[in-house]
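Protein chains in written order, with the numbering used here: chain V, 1 to 814; chain P, 1 to 75.
What the hints contain is simulated information worked out from the structure, not anything from laboratory work.
No incorrect hints appear here.
Label pairs and their in silico Cβ distance ranges: (1) V:W315 with P:T2: 48 to 54 Å; (2) P:T2 with V:K496: 27 to 33 Å; (3) V:G86 with P:T2: 50 to 56 Å; (4) P:G36 with V:G86: 40 to 46 Å.
For glycine and all other residues, C-beta sits at the position ideal for the given N, C-alpha and C.
Listed below are the residues making up each chain.
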Amino acid sequence: MTRPDKHTVALLGNPNTGKSTLFTALTGTRQKVANFPGVTVEAKLGTLTLDDAEVTVIDLPGTYSLAARSPDERIATEALLGRIPGTPRPDGVLIVLDASSLERNLYLATQVLEFGLPAVVALTMVDVAKDRGITVDAHALSRQLGVPVVPVNAPEKQGLSDLRAELHRALHHPGQALAVPFGDEFDEAVTDLHDVVCDLSVKLGFKPARPEALRLLVDGAGPFYDECEQVGGQAFLDEFNKLRQRASGGRSLSMIEAQGRYGLIGRWVKEARKSEDDGRRTKTDRVDALLTHKVWGTLIFVALMLLVFQSIYSWAGPLMDGIELGIGWLGAQVVNAIPEEMETLRSLLADGVFGGVAGVLVFLPQILILFLFIAILEDLGYMSRAAFLMDRLMAPLGLSGRSFIPLLSAFACAIPGIMGTRVIEDRNTRLTTIFLAPFMSCSARLPVYTLFIAAFVPDDGVGPFNLQGLVLFAMYWVGVLFAIPTALVLKRGILKSKITPFLMELPSYKMPRPGAVARVLLERGGSFIKRAGTIIFAVSIIVWALAYFPRDSQVIEKHDAATQALNERHAAKVAMIAKSGGFTDDDPALVAAIADMEELAAVHEESVATAKDEIDDAIELEAALAERSEAFTAALLELKRRHGGAFEPAQEIHTSRAEHEEAVAGIENAKAGELLAGSFLGRAGHAIEPAVRPLGWDWRIGMAAIASFPAREVIIATLGTIFNLGGEQDEESEGLRGVLRNAKDEHGNPLFTLATALSVMVFFALCAQCAATLAVIRRETNSWKWPAASFVYMTTLAYIGALVTYQVASALGA
Amino acid sequence: MTTLADLPAGASATVRGVTAEPSLEQRILEMGLLPGVQVKVLRFAPLGDPMEIRVMGYSLSLRRSEAACIEVEAV
Numbered sequence: 001m002t003r004p005d006k007h008t009v010a011l012l013g014n015p016n017t018g019k020s021t022l023f024t025a026l027t028g029t030r031q032k033v034a035n036f037p038g039v040t041v042e043a044k045l046g047t048l049t050l051d052d053a054e055v056t057v058i059d060l061p062g063t064y065s066l067a068a069r070s071p072d073e074r075i076a077t078e079a080l081l082g083r084i085p086g087t088p089r090p091d092g093v094l095i096v097l098d099a100s101s102l103e104r105n106l107y108l109a110t111q112v113l114e115f116g117l118p119a120v121v122a123l124t125m126v127d128v129a130k131d132r133g134i135t136v137d138a139h140a141l142s143r144q145l146g147v148p149v150v151p152v153n154a155p156e157k158q159g160l161s162d163l164r165a166e167l168h169r170a171l172h173h174p175g176q177a178l179a180v181p182f183g184d185e186f187d188e189a190v191t192d193l194h195d196v197v198c199d200l201s202v203k204l205g206f207k208p209a210r211p212e213a214l215r216l217l218v219d220g221a222g223p224f225y226d227e228c229e230q231v232g233g234q235a236f237l238d239e240f241n242k243l244r245q246r247a248s249g250g251r252s253l254s255m256i257e258a259q260g261r262y263g264l265i266g267r268w269v270k271e272a273r274k275s276e277d278d279g280r281r282t283k284t285d286r287v288d289a290l291l292t293h294k295v296w297g298t299l300i301f302v303a304l305m306l307l308v309f310q311s312i313y314s315w316a317g318p319l320m321d322g323i324e325l326g327i328g329w330l331g332a333q334v335v336n337a338i339p340e341e342m343e344t345l346r347s348l349l350a351d352g353v354f355g356g357v358a359g360v361l362v363f364l365p366q367i368l369i370l371f372l373f374i375a376i377l378e379d380l381g382y383m384s385r386a387a388f389l390m391d392r393l394m395a396p397l398g399l400s401g402r403s404f405i406p407l408l409s410a411f412a413c414a415i416p417g418i419m420g421t422r423v424i425e426d427r428n429t430r431l432t433t434i435f436l437a438p439f440m441s442c443s444a445r446l447p448v449y450t451l452f453i454a455a456f457v458p459d460d461g462v463g464p465f466n467l468q469g470l471v472l473f474a475m476y477w478v479g480v481l482f483a484i485p486t487a488l489v490l491k492r493g494i495l496k497s498k499i500t501p502f503l504m505e506l507p508s509y510k511m512p513r514p515g516a517v518a519r520v521l522l523e524r525g526g527s528f529i530k531r532a533g534t535i536i537f538a539v540s541i542i543v544w545a546l547a548y549f550p551r552d553s554q555v556i557e558k559h560d561a562a563t564q565a566l567n568e569r570h571a572a573k574v575a576m577i578a579k580s581g582g583f584t585d586d587d588p589a590l591v592a593a594i595a596d597m598e599e600l601a602a603v604h605e606e607s608v609a610t611a612k613d614e615i616d617d618a619i620e621l622e623a624a625l626a627e628r629s630e631a632f633t634a635a636l637l638e639l640k641r642r643h644g645g646a647f648e649p650a651q652e653i654h655t656s657r658a659e660h661e662e663a664v665a666g667i668e669n670a671k672a673g674e675l676l677a678g679s680f681l682g683r684a685g686h687a688i689e690p691a692v693r694p695l696g697w698d699w700r701i702g703m704a705a706i707a708s709f710p711a712r713e714v715i716i717a718t719l720g721t722i723f724n725l726g727g728e729q730d731e732e733s734e735g736l737r738g739v740l741r742n743a744k745d746e747h748g749n750p751l752f753t754l755a756t757a758l759s760v761m762v763f764f765a766l767c768a769q770c771a772a773t774l775a776v777i778r779r780e781t782n783s784w785k786w787p788a789a790s791f792v793y794m795t796t797l798a799y800i801g802a803l804v805t806y807q808v809a810s811a812l813g814a
Numbered sequence: 001m002t003t004l005a006d007l008p009a010g011a012s013a014t015v016r017g018v019t020a021e022p023s024l025e026q027r028i029l030e031m032g033l034l035p036g037v038q039v040k041v042l043r044f045a046p047l048g049d050p051m052e053i054r055v056m057g058y059s060l061s062l063r064r065s066e067a068a069c070i071e072v073e074a075v
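This is chain V alone, in the form it adopts within the complex (with noise of 0.2 Å):
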């Protein structure tokens, strides 16, 4: 009987190090995804086997330097010190070293070996720098280093076994902590400091190691001075104040680890060197010099944003759609197979259930396109030339260069925008741009802009320009005006980044790899269902049944009783035009007549409406009309020499079922519109009317603001029920505009005026209605205390804006 030999394996090293790849290819597709309390980043844990043992691989995101200065960077040194809940703690540690830039990655591995694991070195990028003329001597490292040091090519999948052979070597033995020689005053106060600490592991709730203890002396800040200065109080501060004054001796002491470890570093890399870098042109070079240059690159990176921007804004477009239609068309068929008495259950599979999974699935295009843009830039090495060359643009808000792209695919849709963000490093600076992103005017607006635009602002010019235009372009700006102050105050306040963003390595270029993209979009498409899916989902149930119940039943009685009557009526109509043409009305002359004839009418509507969908130009159209409508008069005639006497009664029948039906709609959409009125949400509008009145609106838009929460564009749909007109309306609805300019207050006058009507608008620039958008917020930031904060500020200036929009355009005589 043999026992599974289980082991963790911590992976760590710098950025663009072909780190992912090597834990790809060590761990296959057994990978899970781990989030961590507390901090945005999150690793991913795979599992090895190396013959009879399993090995469990922690992917750590990769850093410089594991100093602490941020609850991300802090995740490092925790998870090698097992004090992650539900994460193992690692009994060895694998570094990933660019030969490269051998020097800056060894700083890391330094830091890295003070913790005394069982560790092996894999080297990557050999080919990278033998381009430019070096050559690392692997073994000469090794010496250098006291552990194994394996070449490896991971994409080639080359130097793996060699590298798993001696990762199951080191786990079965000891490892050796690497001692860096600071100086002895530096070196005693570090032990002096851990002894410190170490005394105050009972209430620290766990015992410090020693290169914790070096973090503290140096760094002076971060997660875990703070938890020492709140157990230790002013005794802990007084001594380690006086440690630190002894260790520094009047220097720095950042100065004094960096010189320490580079001088170490220095002389192992002088033994392990063999050939320097030539300075040689390398491709790297020439492509850098075409990317950033002034004018060239300029021009590419203006042309790579617009088509990123035109691919989520329009090209997603089509596969929304049809997402839509075809989850709609589902949905169609499940309720269509459920009895018609079992109403309710009609209604939440189709309007809660199909419809939530519409709400979630609708986003993957923009999403997988935006990911699939993001993950070949990234990969290729270009991410951080765009940010070098966005950087001056937004450094004045206190954002980087990496912000750009995210916030400028917020304009297409906040979600992939606020997913994209993860090319940030700087955690503050991330956190901003989540924050700003849903200020972009995205695409789910425009059906909001457009509906009350067409129905309240005049076609008017105004200088060269259309008003119905500059009303549009300035709901665009409204976001972007709120979003620079928010993103000023802050940066300057409690997201203010203790460092400077922006010292940011230019990564050599390298070949996308389809395999590594493809798993980038399954990952983010994945996690965007599982984790930010399910809340939306919820929602969209939730504000499904506050719109559905209480059904009260009079309301519902006294209209089917009204169209039980519409019934009986008609049908004596049908019986009587048969009778006085000498018909029963189950005549098999006559209902073949009928037949036809519905089936000529509903032809001739289609392709009437297919014109006036096609045909844009207004003399084409009527042409194309007068056209379809000598076909249809000749088709009637053709009808009329085919059925003879069964002829008129039937055109007659016909005409008469259409009004018929039309009536039976006007009386449903009059039930439904009367019973959104008296459920949950509509009470809701009623109670928040004295709160919504300021800004010009009565309790039905206050009830259709709250029904939006889910999406801003179901304002469109609960206003068409609420007046009436079935909740199938869009923003293009000729019959949903008409009945907005001429619904009426309590009062007699008109509910809505161009000053509601902006009001209305700018409270849907601002508002957080989306609710996606927050439970991506929620997802990324790993805490509800962002998307609750986005909400809170959203709403009050949507509020705000509105407010003062409709107070000075009525003023104005708006």
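Chain V is already provided as a structure; the job is to place chain P on it using the hints.
Below, chain P without anything else, positioned relative to chain V:
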């Protein structure tokens, strides 16, 4: 005193010292910009800031405001 921010594109220099608030100083040092190290200014971004330098065999981008914290001696 010459700082890295004062150098034109194409210039090479040796780092003499770093004077910045502690966390920026730490980051600069960690990235390899410590006294005695050779740097070369490769280019400036089209809008004039940030700049790209070569240090310890890799390309690093930093803002002029950050480069101004790094004292250098031109070679």
